[in-house]
Each structure stands twice: as C-alpha cells, then as structure tokens.
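Chemist: Residue numbers (the working numbering), protein chains in the order written: chain A, 4 to 292; chain B, 213 to 616.
The hints are simulated quantities; they were obtained by calculation from the structure and are not laboratory data.
Be a bit skeptical, because a hint or two may be false.
Taking lysine-lysine and the BS3-like style, the derived pairs with C-alpha atoms no more than 30 angstroms apart in a straight line are [claimed, not checked]:
1. A:Lys-37 <-> B:Lys-397
2. B:Lys-358 <-> B:Lys-397
3. A:Lys-32 <-> B:Lys-358
4. B:Lys-397 <-> A:Lys-35
5. B:Lys-397 <-> B:Lys-526
6. A:Lys-246 <-> A:Lys-209
7. A:Lys-39 <-> B:Lys-358
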Amino acid sequence: MDVSDRPGPIQRVRRIWTFRELLVNLTRKELKIKYKNSALGFVWSLLNPMLYLVVFYLVFTYFIPASIPYFPIFLLSGLLPYNLFSAGLGGGTTSIVGNAGLVGKVWFPREILPLASIGAAVVHFGLQLAVLTGALVVFRYQPAWSYLPLLVPALVTLLVLLAALAMTLAAVNVYARDTQHLLELVLLAWFWMTPIVYPYAQVREKIGDWALLNPLTPVVLAMQRAIWGSHVVTIGVTNKTPKQLTALPDVGQWWYLRNLGVLFVISVGLLFFAFWVFGRLEDNLSENI
Amino acid sequence: MNASIEIDNVSKHFKLNHARADSLKERVINLRRKTTHEEFWALRDVTIHVNSGETVGLLGHNGSGKSTLLKCVAGIMRPTSGTIRKRGRTAALLELGSGFHGDLTGRENIYMNGSILGLSRVDIDRIFDDIVDFSEIEDFIDNQVKHYSSGMAARLGFAVAVNVDPEILLVDEVLSVGDEAFQRKCLDRIKQFQRDGRTILLVTHAVDLVRQICDRAAVLDHGNLVAFGAPGEAALAFREHLRKKGAEVPHDLNDPTLLRNLEVEIRGAQVVYPRPESAYIHPSDPVQIRVDYLAPERVDDIVFSIAIFDQDGKMLIGTNSDLMGDDPGSIDGEGTCIFEFDRFPVLDGVYLVHLGIHSHDGGVVYDQREGQETVVVLSEGRDVGLVHFPVRAHIEARATPISG
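Isolated chain B (complex conformation) (with noise of 0.2 angstroms):
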C-alpha cells in the first residue's frame, strides 16, 4: 500500500458578505452600495506531507483553519492557491452520519454512502454485512436513518466509513460523539489501520489523542502552519499558543456578571513554575500561584479562594485559606497570597484557575478572577486519562514453570 497526501503551499481564501447578496434582485440593489464582505485567509501556505503508513493529527482551537484543511484534502473546498495531490482511495469522515439520507432507510443509506465513495453495488453487497455488524444496529436497518438517534447514526457513518477499505482516512472531531464503547471500538478500528499500513489524517483539540495515536502532528493557528513534527514537540507548541491567547484575553472590569466590590481588589496573579526557563510542570513538580492584592482600607472578613478547572469545565479542586486552617485575621494594603502546590498530578492538560476574594459566608464578593491563568502540565510518559497515579508494574515470576 503506497499513499500519501502532499499538501504544498495551500491557502484558502474566505470571502464573507455581512449580508449575503444571494439573489439577483439583491445584488442589483446592492450594486451601487459598496458591499460590505470581510476577507480573510483560512489558510496560509500550509505545507504538510503524509508519508504513506503514517498517522497525522491535526491540532488548533476553533477557527484555525483545521477543518478547512481537511476539506481541502477531502475534495470538498478547493484551495485558492496550492496543490494537493493524494494517492490512494480516500474515505472521509467530516461528521458522522454526514451524506445520509433521513428519508432513505439505512440500508438504502448504506449503498448510497458507499456509492459516493466510488463503490458499485457488487462491492457493498459483499461488505454489507460487516457494516451492519460494526454499527450494531440490525433490528434498524430497515427503518429511515431520520428515526435514528444521533449515537445511532453516527455509528452508522463510522462503520460504512471504515468498511470500505480506505487506504487514506480522512478524520474530523469524530471519535468525540457515540458513547464509550463505541468511541473505544472506534479507535480500537483506527490502530488496526494502522498496524494495516493506511495513512490517516486526523483533525482533534485533544491533545490526548494525538499523543496516544499520532507518528506526527501538526499545529494550525490562525490559517498557519506554527508546528509540525513529532506528537510531543506539537502538543507543546499547541498548549504555548492556547497560553498565549489565554494571556490577550483582557480582563473586563465592566463585565456585568462579575458582581465585585472591589473592597479588596486582585492586582495580579502569576503561576510561579519551578523551572523559569519552561512554562509548564511536569505532575510530580511543585508550583505556586501567586494573587497580589490591594485592600485601600481594612476588611476584616477574608477568604482567598482558588479553583482549577480543567478545559472542559469540570472542577478538578476548589479550595480556600479557610478550608486550610489559614485565617489571615484582618488585611490592610498591599500583599499577596501564595497557594503552593507541592504536586499538581494531573496528566497532560492546560489547567484553568479561578481565584477570588470573599467574605467568610461568601455573601460578599470583593473581586474574583476567571480562568485568565492557566497551569500547562505535560507529563513524561504516554499514560492516558486525567490523574496522574505513581504506579508501577511488577512481573512475578513463579520458581517453576507450570509447563514442562
């Protein structure tokens, strides 16, 4: 199996009209009007070569141009300017249950996905069972797909898709959707193909994945290439880009949902790592947040609080220097607050702080500060998962062997 995907120099041009002359009538009205279209580059110059046999993960945060890319590649959007030459025949996978018919059974469906990937009717009968198989939904194969659920649907798509005998996959954000199982059948079909020698290209926000999974990753940011090489290096690169757009977000003090007193007022905070020449920590590293803040009079009711959220929102700690035994009695001025971490073990991930400042009862709210610090933790080994456990293994082995 020899096929490879070699994007060159490819750039994608965007024009959006604000009002979108789509009629005849509307652009005639509109001709003497300077129409009012924003422009802008979903992707600039991307060079990325897939070697045949090789697995690719695409990462970037929403809008840099990743899913574009992969369009591209699947023929779907033609790049304005660039080549992109494929070898091999291609399956994508942009959205589970995409190019399927609700008003068509899903064994209809089954043959119409299967013919818009180039399949004749002989080729489908002889993989149709498999595909039913994989999806799990027999008793349903007669019904139209619109009756499905969305799980149902999905693992349809997923099952035609890697039925077809792809020897390029195209991926998108799918292994995300179904429940777990099906997510673990999944990548359990994806690492087949990949012992089978097929090339994937594969588009995720989690870094996990492209970990677990990918020979290379690439980093989009903004319709740019910033990074390409081993899982590791990008997975770095990626996190350094999502710090520092976590950096530029400016703090809005007329942010009407922040109900804040400002009796005492956090100036700053910082997250101290114990190595300064790298910005992040490895699980078993300490690291310290710092919260300088100003009370212009004294407060006498205080509570410093602290919260790490993890990047889908789950609350991984929330704690304050009450629930720490740490009453600092009455504040005046200037000072900080040091919450010291002597692990952080959690695996590898961008970590979100919450911080405020409040009353005992928390009725009062001095000033609260949401997630504008982040703790990158990039562990050493490839477990999986969240937390990172000290374990090892140990092989016993018995004095006699039972055989012989």
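So that you can see chain A by itself, here it is in the shape it has in the complex (with noise of 0.2 angstroms):
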C-alpha cells in the first residue's frame, strides 16, 4: 500500500467499505457521547419532534389557526430531511476538529468523521420518522400511498449530497475554523428559504420553478407529498384577491422523481468534486489540527 500518495476517488470508495465497522462505531460513539450520564438518552431524541408535533399542533389549531391543513403533519415531513440534514452538515463540518485526539494519533480513511457524524443523523432521522409515523396513527392520518416510495430516492439523494458537503467543509474547517460559525448562520437561513413551514405553492406563485434550485426543496417536496399528500390552501390571506391553490404541485411521481433525479447527478458529482478537495486538504490535516 502506497501511504504517501493522494488516493483516488474509487480507492477512497474502496476503503470506506474496509472500514465500514469503524464507521459504525464512530456513529455509535457520537450517539453514546451526545447523551452520556442523561437518564432518558434516547428519549430525548424523540422528545424533540413530539414537542414540536404538540406545540405546532395546540398553536396552529387554537391561536393561529393556520391556512394549512393538518399543519403538525405537513410541518414535521419538511422538517424531519431538513434537521438531517442541517444535524449531519453542522456535525460532520467539525468532525474532524472534534475528534483532534484521533487524527494525530492513529491512521484510518479520515473521510469517515464526517460520514459517522451523518450516520448518528439518521438514527436521530429514524427515530423522528418513528414519531410522525405515531402521529399519523394517533390521528388516523393516511398518507399518499402511491406517493410514499418516492421516499427512498429522497433520502438517498439526500445523504449523497450530505455526504459531499459535509466531507468538504470538515477539511475546510482546519484551516479556517470560521467555517462552523458561518455554518450555523447559513443553516439558519437556509431553512427559511425552504418550504418548510409555508407551502411550496407560495414561492411557485412568486418565482415559478425557479425554488427547485435550493436542493434541499425537491427532497422536502418529496417528503410532503409523500407523507402529509395534497391539499388545497389558501394563497394570499392577507391579500385583497386571495386564491386557493394545491400547496403541492399535482402532476404525478415522475415530476417529483424527475428532480431528484437531477438533484442525485450533482450531487454525485459534488461528491467526487469533495474526494478532490478533501484529498488535497489532507496534506496537512494533522499538522493543522
């Protein structure tokens, strides 16, 4: 094995695969860290979303009732790939700045900080998608049936393009350590420019088709679509002429599948676009660290 060269991107694949039980050890270390000495642990990862489910649903029903119907449900599908992702992102950029003490000391593919920081997102995804998959019964909610596989190319084309920007900013945050800063920020206002809390129909209204290119927007519209499923919604309350539109666009799957189709293509090719960067960072990873 050559140590002194910069490997390429299907070696790097390569042993990532190798050292996939690292990977998985280091997701489950960032889980056991993140609530050791807590007595409800897991629970707490749970909690989060119930208490969003409750307060989104007794403000939204009571004292705000909102344009949107099933509110809670509609919220927490956008939600959900939205704290994966900004959970995986702000994990994974300090990774490698986080865990010094093993980049110094011990050889292993460093790409897999940033992969386990994603890892212990989705456990947390999971155990959140477990707590809408409760509301829907609690509430005797059905969703788009016919619409719900289009959840696997969602969350795949999620992850790669996780994947890709978190191995990226974990390299660049050694060298300018800003990075998690500015990350929290952009996190911040990233999720305002998503159609999380107000409907995709809104910034279609305003700017058309033009919303797809945030590419957090197809994977939530997916998720929405698939889980909460379409409803008619009131645009424009506030407004002299408002109108009633379907706060999701009704054409069919492939619309929805279409543009997570070209979501994945850039994202995988980000992703070998960030095996480059991260290659050429790491000539002086521990040495900066």
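Could you fit the two chains together into a complex? Lean on the hints.
Modeler: Have a look at this one:
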C-alpha cells in the first residue's frame, strides 16, 4: 500500500467500505457521547419532534388557525429531512477538529469522521420518523400511499448531497475554524428559504419553479407529498384577492422523481469534487489540527 | 509473511505560523501584513528500506524528525515529497492509549480501536479475551477509560495493538511507560513478534534498546539521515552527534543560576581518552579529565570537585580532591587539576561531567561547569543495564550423568 500518495475517488470509496466497522463504531460513539450521563438518553431525540408536534398542533389549531390543513403533519414532513441535513452538516463540519486526538494519533480514512456524523444524524432521523409515524396513527391520517416510494430516492439523494458537503466543510474547517460558525447562520437562512413552514405553492407563485434550485426543496417536497399528501391552501390571505391553490404541484410522481434525479446527478458530481478537495486538504491535515 | 516498508526520498515540510491565523477573520485582517511563519524541513530526503522480518530502530534526539517519519509511515502525515510503500497490515503504537475515548468503556474502546485497525466485529470478538488477559484489567473492562490510570490505559493500548496480529508494527517510545513488569512483558511480546518474522519499526532514544533488539538502526539529525547500519555503528554515530551537540553549547557567563565569584576560574576542561584516534572508552579503559584553572590572586581554601551523571540526570559518582585526601593547600596563577579514572565501569552511554571549584565548606563557589564535557562509553559486549560488572560464567558438568 502506498501511504504517501493521494488516493483516487474509487480507492476512497473502497477504503470506506473496508472500514465500515469503524463507521458503525464511530456513529455509535457519537450517539453515546451525546447522551452520556443522561437518564433519558435516546428519549430526548424523540421528545424534540414530539414537542414540535404538540406545540404546533396547539398553536396552529387554537391560537393562529393555519391556512394549511393538518399543519403539524405538514411541518414535520418537511422539518425531518431538514433536521437530518442540518444535524449531519453541522456535526460533519466539526467532526475532524472535534476528533483531533484520533486524527493526530492513528491512521484511518479521515472521511469516515464526517460520514459518522451523518450516520448519527440518520439514526436521529429514524427516531423522529417513528414519532411522525406514531402521529399519523394517532390522528388516523392516511399518507399518499402511491407517493410513498418517493421517500427512498429522496433520502438517498439527500445523503449523497450531505456526504459531499460535510466532507468538504470538515476539511475546510481544519484550516479556517470560522466555517463552523458561518455554517450556523447559513443553515438558519437555509431553513427559511426552504418551503417547510410555508407551502411550495407560495414560492412558486412568486418565482416559479426556479425555487427548485434550492437543493433541499426537491427532497422536502417529495417528503411532504408522500406523507402529508395534497391539500388545497389559501395563498395571500392578507391580499385583497386570496387564491385557492394546491399546496404542492399535483402533477404526478414523475415530476418529483425527475427533480430528485437531477439533484442526484449533481450530488454525485459534488461527491467526486469533495473527494478531490478532501484529498488536497488532507496533505497537511494532522499538523494543522 | 512478506511485509516490508520502503521509504524513498521522503521529505516533510512544516510551516509554523507564529500567530496561527485559524479563522477567516484573522486571515482577512492579516491579509496585508506579511504573515510571520517559520518554515522548516522536518525530514529531508530520507531513504530507508526495512526488509521483511527485520527490526529497525530510529534513533535521534528531540526534534530530529524520527517521530515525524514514523507518522508518515503510519499514514497520519503525508510527506511533502517522496514515496512510502508498505506491504502488510500495520498497527501503530504512537502513544499508548491513543485513539481511546474517555467516555467509552474499556470494552467499547477495544472494539473502536480494533475497527480503527480495520478489523470486523467478528475478528475482534475472537481476540477480545486475549486482549483483556494481556492488559490485566479484567475487573475494569466495563468502566469508562477516563477513570483508568495512565498505566492501565497504556496496557490496554499495547494489548490491542499486539493482539490484532499486525504484520508491521510501528512503535514510538512506548516501552518507556508503565511499570517494569509490564515493560518486560511488552519487550517479550516484541521479541515474540521478531521470532514470528514480523517487521518492526521502532522509534527510541534509548541506545540500549536498539542494541538489544534491533537488526539495524537509522540515526536522524535535524531531518537528515546521518547513519543507517548495524546497531553498534548507529549507536556510535548517535553518540557522536550528541557529543558534537554538547560541544556546541556555549558557556554562558551571564547565566544567573550559577553563583560564581570567579576568584578561581575554570579556563577549560578536557576528557582525555586513552586512544587518541577514538573518542570513546570501553568500560575497562582508564580515562582522564583535566581541568585548567586560573587564580589571578592567591586562594587558600580550595577544593576541586567532580560528578558524573547519566542522561537521566542520575549521579553515578560525586567526589572531590578533599575526599580523595589531596588538599592543594593554596593556589596562585594557572594550573591543571587532573582526575584519573582507572576504569569507567558503566555500560553504553554518554555521561555528563560536572566540575566545580569551591571552598572546603562549600560556602564559596569559585566556578562551576555543568555537563559541558561528556564521557562516551561503548561496551564491547551486549550486556544491558547500567554497571559493567566483570562477570564470567562457568558451567560445571557432573562426572556421572543422573539419567541413564
């Protein structure tokens, strides 16, 4: 094995596969550390979306009647993939700096670290999805069964995109520690620029399908369409001429799949770019940490 | 087993920023100011080939680049130029207990560490008991590692590394930690590895260890490979470098830690080896240490003292002219005090000479000189330890065999 050269993308993927056991262990470690010395442990991960569910149900049923029907379901459908993205990217960005002890002392493919952060975020996502499923059962809410398979390509695409961004930022953050702080702001802005608390129809009214340029949008839309379904909402309540529109484009599964497909291809391209950047930044990684 | 390490023309360049600009803001602010950074080569064009089944030692003082080289071989650092090729599964012990996470239990850390070395859960299950046995911490295996003593963590680290069945073992100074019994156990395991034909690259500054277990040794100095050969040769080259380094240390007259009134001044000191062509002695050789002094005015109360220290700062002998029953009475002007050693019965090492001139009660120190001269001892045998005891072994066979 040549340890002095930069490995190519294919070799990197192969190495990650060899070290899958480490990926699992690091993921487990991350989860364990997060809830160390806490009595409730994983329950905390469940409580977060539960609280969202209860609060939004109360607020938008009794205090500010929302124009979106079944608002808590709508919100969680979009919030969950965003949470996955934000937790994975946030954790991934600090993963190399945060594991300085490991990076300076032992060798393993460094990209395992951001990937393990994503792994931990996926586990949380699973727990939150369980809460959402529970809510569907409790409210006797039927998801859009024919759209449900969209969840798979949506998640796969999101994970590829997440891996590409997290790897790049993890390496950049070693050299410029401001990255992690800047990211917090960017993620906050990103949340409000993604149709999570408001329906896509509202953005589409203003700028058309250009809104799909936000890479989170196709994923969020697929989730919302599959779980929340399609309902008519009133847009522009404060205007003189409010409109009745379907919240999500009602043009069949293919439209959603096409969006995800385009995003997937771009994400794979980004992933190769991330491998390249990571390889370059890796040259002086352990002495800069 | 055919594991080997090929290090070819490896250089590593470091850029040390004096004030690290770690954030974008600092970078932007410092954009126009010329950043002050120090650049240096931690390794320069180093070529070392370690053959399959060979144990090679890397000798060098602090900052010689030996640990950087080991990190490059381990893959932790990437050389700026040159290539490193390894054949065989590698386990690196750069610091015992490295890669352990304090919040995880010993058991969890074993699995974590094993997977860092590329093992699967099943692989680790198989060697788990061996690891625990070797580390001798059965009772604490389910406690968090942060509650372990450093010795316990070190034991666990070594236990994992040697039980994962590596073909190449990289070791950095780790044999210097832990209690003596454990050190011996580690050494035994390393010797077992050698018998198994595994390849070992070992970083150390302990010349004894190199002579004891290495097939060959390399000496690094300021990133350059200055010697690579048989352990004895390398050990000698290492000593030469230490000696030169010692000689370069300027005598700082303004050193405030030295209380000297200079009524008598040490003008110079010299170690006189019996063979002028070689700057070392064997333990059975005589050696002279000459101290040239100058007393501008007559001094009546005077004692010359000498002490020999080893590298760890342990005093081997401290004596003076008074104790040896030689009172010079009074001195005036220039002269030389000669300490004659009939033998120097210590094993391999560079020994530091402390010299002093003071009054009988020690209340007045005229001058002193600490560790500027060294005595280099090279023992002919392969004995280990500190003292060169003249010892022989006789085997007396009984006239009539007991069996048969």
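Chemist: Evaluate each hint against the coordinates.
Modeler: Against the structure, the hints come out as follows:
1. A:Lys-37 <-> B:Lys-397: Given pair Lys-37 (chain A), Lys-397 (chain B) is violated - Cα atoms ~38 angstroms apart, limit 30 angstroms.
2. B:Lys-358 <-> B:Lys-397: holds (24 angstroms)
3. A:Lys-32 <-> B:Lys-358: holds (15 angstroms)
4. B:Lys-397 <-> A:Lys-35: violated (34 angstroms)
5. B:Lys-397 <-> B:Lys-526: holds (26 angstroms)
6. A:Lys-246 <-> A:Lys-209: At roughly 13 angstroms apart (the allowed maximum being 30 angstroms), Lys-209 (chain A) and Lys-246 (chain A) satisfy the hint.
7. A:Lys-39 <-> B:Lys-358: Roughly 13 angstroms separates the two Cα atoms, so the pair holds.
The structure is inconsistent with the numbered hints 1 and 4, although it conforms to all the rest.
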